[in-house]
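Participant: Dock chain D against chain G, hints included.
There are 2 protein chains.
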Amino acid sequence: MLPLQIQPGSRIPLYAQLRDQLRALVRIGHLVPGDRIPPSRELAARLGVHRTTVANAYADLEAEGLIRGHVGRGTFICGQPNGHLSERPAAAPLKPGPVRWDGLFAEERAEETLDRLLPTPSRKTISFTVACPPETLFPLEEFRRCCNAVLRHHGREILQLGSTDGYPPLREVLTAWLRRDGIVGPHDHVLITNGCQQGFDLLARVFLRSGDTVLLENPTYPGLLATFAGRHIRAIGAPVRAEAGVDPDALAFALERNRVKLIVLMPDFQNPTGTTLSLADRRRVLEIAERYRVPVVEDHIYARLRVRGQPIPSLKALDRAGLAIQLDSFSKLAFPGLRVGWCVAPAPVAERLRLAKQAADLHTGQLAQAAAAEFIRRGLLDRHLERMRKVYRRRMEATEAALERYMPEEVRWSSPEGGMCVWATLPAGLDAVELLVRARERGVVFAPGRLFYLENAQPNTLRLGFAELSERRIARGVRILGDLVREQWKRSRVRRVAQGNGVSAAVTLV
Amino acid sequence: MLPLQIQPGSRIPLYAQLRDQLRALVRIGHLVPGDRIPPSRELAARLGVHRTTVANAYADLEAEGLIRGHVGRGTFICGQPNGHLSERPAAAPLKPGPVRWDGLFAEERAEETLDRLLPTPSRKTISFTVACPPETLFPLEEFRRCCNAVLRHHGREILQLGSTDGYPPLREVLTAWLRRDGIVGPHDHVLITNGCQQGFDLLARVFLRSGDTVLLENPTYPGLLATFAGRHIRAIGAPVRAEAGVDPDALAFALERNRVKLIVLMPDFQNPTGTTLSLADRRRVLEIAERYRVPVVEDHIYARLRVRGQPIPSLKALDRAGLAIQLDSFSKLAFPGLRVGWCVAPAPVAERLRLAKQAADLHTGQLAQAAAAEFIRRGLLDRHLERMRKVYRRRMEATEAALERYMPEEVRWSSPEGGMCVWATLPAGLDAVELLVRARERGVVFAPGRLFYLENAQPNTLRLGFAELSERRIARGVRILGDLVREQWKRSRVRRVAQGNGVSAAVTLV
Chain G
1 MLPLQIQPGS RIPLYAQLRD QLRALVRIGH LVPGDRIPPS RELAARLGVH
51 RTTVANAYAD LEAEGLIRGH VGRGTFICGQ PNGHLSERPA AAPLKPGPVR
101 WDGLFAEERA EETLDRLLPT PSRKTISFTV ACPPETLFPL EEFRRCCNAV
151 LRHHGREILQ LGSTDGYPPL REVLTAWLRR DGIVGPHDHV LITNGCQQGF
201 DLLARVFLRS GDTVLLENPT YPGLLATFAG RHIRAIGAPV RAEAGVDPDA
251 LAFALERNRV KLIVLMPDFQ NPTGTTLSLA DRRRVLEIAE RYRVPVVEDH
301 IYARLRVRGQ PIPSLKALDR AGLAIQLDSF SKLAFPGLRV GWCVAPAPVA
351 ERLRLAKQAA DLHTGQLAQA AAAEFIRRGL LDRHLERMRK VYRRRMEATE
401 AALERYMPEE VRWSSPEGGM CVWATLPAGL DAVELLVRAR ERGVVFAPGR
451 LFYLENAQPN TLRLGFAELS ERRIARGVRI LGDLVREQWK RSRVRRVAQG
501 NGVSAAVTLV
Chain D
1 MLPLQIQPGS RIPLYAQLRD QLRALVRIGH LVPGDRIPPS RELAARLGVH
51 RTTVANAYAD LEAEGLIRGH VGRGTFICGQ PNGHLSERPA AAPLKPGPVR
101 WDGLFAEERA EETLDRLLPT PSRKTISFTV ACPPETLFPL EEFRRCCNAV
151 LRHHGREILQ LGSTDGYPPL REVLTAWLRR DGIVGPHDHV LITNGCQQGF
201 DLLARVFLRS GDTVLLENPT YPGLLATFAG RHIRAIGAPV RAEAGVDPDA
251 LAFALERNRV KLIVLMPDFQ NPTGTTLSLA DRRRVLEIAE RYRVPVVEDH
301 IYARLRVRGQ PIPSLKALDR AGLAIQLDSF SKLAFPGLRV GWCVAPAPVA
351 ERLRLAKQAA DLHTGQLAQA AAAEFIRRGL LDRHLERMRK VYRRRMEATE
401 AALERYMPEE VRWSSPEGGM CVWATLPAGL DAVELLVRAR ERGVVFAPGR
451 LFYLENAQPN TLRLGFAELS ERRIARGVRI LGDLVREQWK RSRVRRVAQG
501 NGVSAAVTLV
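Which chain is which? The protein sequence lines are G and D, in order. Going by my numbering, the residue at position 188 of the first sequence is 188; the numbering climbs one at a time, nothing skipped. Going by my numbering, the residue at position 167 of the second sequence is 167; the numbering climbs one at a time, nothing skipped.
Okay, chain G solo, but in the shape it has when bound (with noise of 0.2 angstroms):
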């Protein structure tokens, strides 16, 4: 599926919003040479606009050398008329033998993931991409010291085939560190995971089969994405609400007409969005789970990560009827690189979940689960906690500040009250996958907002990180943005005057 998003409130002709999506799609290697395009028909009855519209913008591209029509093969894109984004790394060298190993795939083709859709910028570039803590602030020595201590006195037992359920002295301080929040309850147990990817892929294990639906946040975390497309499950999504997060009208609609399985949703600064649930919609979102008797699951991920307001309990703290599942990791608090996260799940759930776990990979290693449970144990996480809220409280604040300076007025972006993102919205019609490719040109990178939709892509949406970002390079970085912003909005305008009469032009034809 080509992330295509159609906008027909926009003053830019369709065909000419088509024409150019589908250009940035090549430019930033979603799309390369040898990959067939879908037929216009085809493609005109998905988007929902006329087939002329879909054969204008093939026109152009074409005219461009962008692609090519093979008589009774179809259209394909036939290489990249402007260079200065090959240096996408080129496939791995395939085996010249006589294994055609697509044929002996279960699926023809692979989804598409992130990594692939966003090439890893050089050092001297100015990252907004990637939402993770900064390594320059890691708690490196303390952990060294965690380390040590471990393996000096545990080391046989660290380094010995373990438990599924996880290291024993993990779960006790988590569960222990957890109470503290009212997370875990007297029915809950914590389960041991290779991060909240993982927690992700083991519930879709032991909720979901092939066909099944589950409702998550429309915009939402792509790898959540990419758990059940590999499974055929069918993701649906309630929208996010500016400044409010998921809308529990939308989740009691979607609940009452599809027989939903399961329901994902993050209720603190949401990614992408940065949005909060309210404590009166936390409530209602829990209700409707219990009318529907359908478990939900809280990615808690960047709760712990508040830098202004007032803490609103968990769903899980909040949970009576327990239907709640909360998912949680260091990656966000600490370091990533260990793969560590933990599940609180009632118990028979807790039960499956180790399971699916013990079929997956036996358990998370111990060392990494060893490091982390003395680092606790010792108060170095929430001494590093309170250090690094302050740290990202002044790049959000950079970060806001530098928008409110360089961004033209039409801008908008949110105001999270916590995590590692602002989510901005360009005018409409404005495509942020055109300006993440000038922006590479001037050595700024970003997430655009369409990666992150399971439906109704807005392409004019994009995530801007600034966790790994000191204050000064988040001012440059918005600053080069709001430049092009605004360069692409004059273009943009100038384009809409000079294609008018193509439009009409196109629409006479029919």
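None of these hints come from the bench; they were simulated from the model. Watch out, some of these pointers could steer you wrong.
[Claimed, not checked] Coverage of chain G stretches by chain D, computed from C-beta distances (three or more under 8 angstroms per stretch; other residues unrestricted): (1) 56-70; (2) 147-155; (3) 226-233; (4) 417-431.
For glycine and all other residues, C-beta sits at the position ideal for the given N, C-alpha and C.
Facilitator: Frame of chain G, contents of chain D only:
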């Protein structure tokens, strides 16, 4: 599915075999109170015996108070008359609230897993159950120094989010290490996994859909069966020949008659039988795989633990068609608790596995990877392996000597050239689960053979893992087992005489 296996050739009556096996399944906790057992007609059809045989077995068990029939509902396990095995841990407490989780899971019943069938032995128990390196010989101090070095020099990189492929220095040093044995060819890539178990899981994601068929050795590693069971994959088995490994003719026959999507084999010191495939048979297996164009996965996890005889090149090293994929891990070599393994595969396969890994858990924890890389780089792995091979040779020889000395002459066992286990076969009609029940009372445990079969389970087989045990404890454990086998063998002959009439009576009842 109950792991029942009736041996028509045995002198023990069929109904008594069935009764004793069901009783043993209750004792070992495979069947628990409340479990429903199949209607006699259904079970009879499945086992290929007369319905009266099953009815007679059930009648005896009902008289013992072990099962009870409920009109219209079926027959259920209702208690454990022999309390001595009730130390199986109680099920996790169910939330008393209104959520009935069983109706919300994707599968009604969870798969049984090995650890539910094998209760953890106490410290004093002589355990032949597992196949793990002995923790008393872990290279702990050296490993701790490696950890320190990598955290000091590359701490930031290690604790930051990493590459799905694996930590680059580990991939490099591993690739060089594997090239020595001709395992990594010019078109192969190395992907780091969380041990072999995740390798199986990723291969299942990439190659198999629900309903597909996989061809395994029978018997095989139970964790491999768990991989496929959770996905509704049909696993068929090619028998493993005594002292000779999987039968290539059976492999060819199975491929001829089934649309097999993947083959998984363990050519060196096969788990559980300890057999090794000859060079000629390895070549035949590769020819057959090429003829049917089916990828062959080679589980190489024990291959470096050869204690005698000449090394034979791996399937991956011999493969010319480019269809072989090799899984391996540090788990049997040095530190199972780290959960670091790898997969060597042709580039297009490695790319698909990488995408599956990314959806599964982003990447394997980097601290463990970095420490393992340093451990290889310093030459410590080679040195440790050399030392461990000597230890295992002594323990293997001690096991064989003890079996020779203490077992009745009707018992047979394998003579592996490496690995961590010896596979023993009791006289037909004896049941290893019954032996285990009695052996536990005497402080000795092992893995009953039926856990390893995917079909045609031989209840008179068992696996003796010797790697963790000193020569003294090996001798003591085998002596106890020998005594018990003698007793069981004597009792079974008494029973044969006493029950001869019972069978005739049962038959005349028809």
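Participant: Please go over all the hints and tell whether each is borne out by the structure.
Facilitator: Now the hints, each set against the structure:
Proximity of the stretch 56-70 of chain G to chain D, defined as three or more residues with a beta carbon under 8 angstroms from a beta carbon of that chain, is not established by the 0 residues found. Requiring three or more residues with a Cβ within less than 8 angstroms of a Cβ of chain D, the coverage given for the stretch 147-155 of chain G holds, as 5 such residues are present. With 4 residues carrying a beta carbon less than 8 angstroms from a beta carbon of chain D, the stretch 226-233 of chain G meets the three-residue requirement, and the given coverage holds. Here's how the stretch 417-431 of chain G fares: 0 of its residues keep a CB closer than 8 angstroms to some CB of chain D, so the rule of at least three is not met and the hint is violated.
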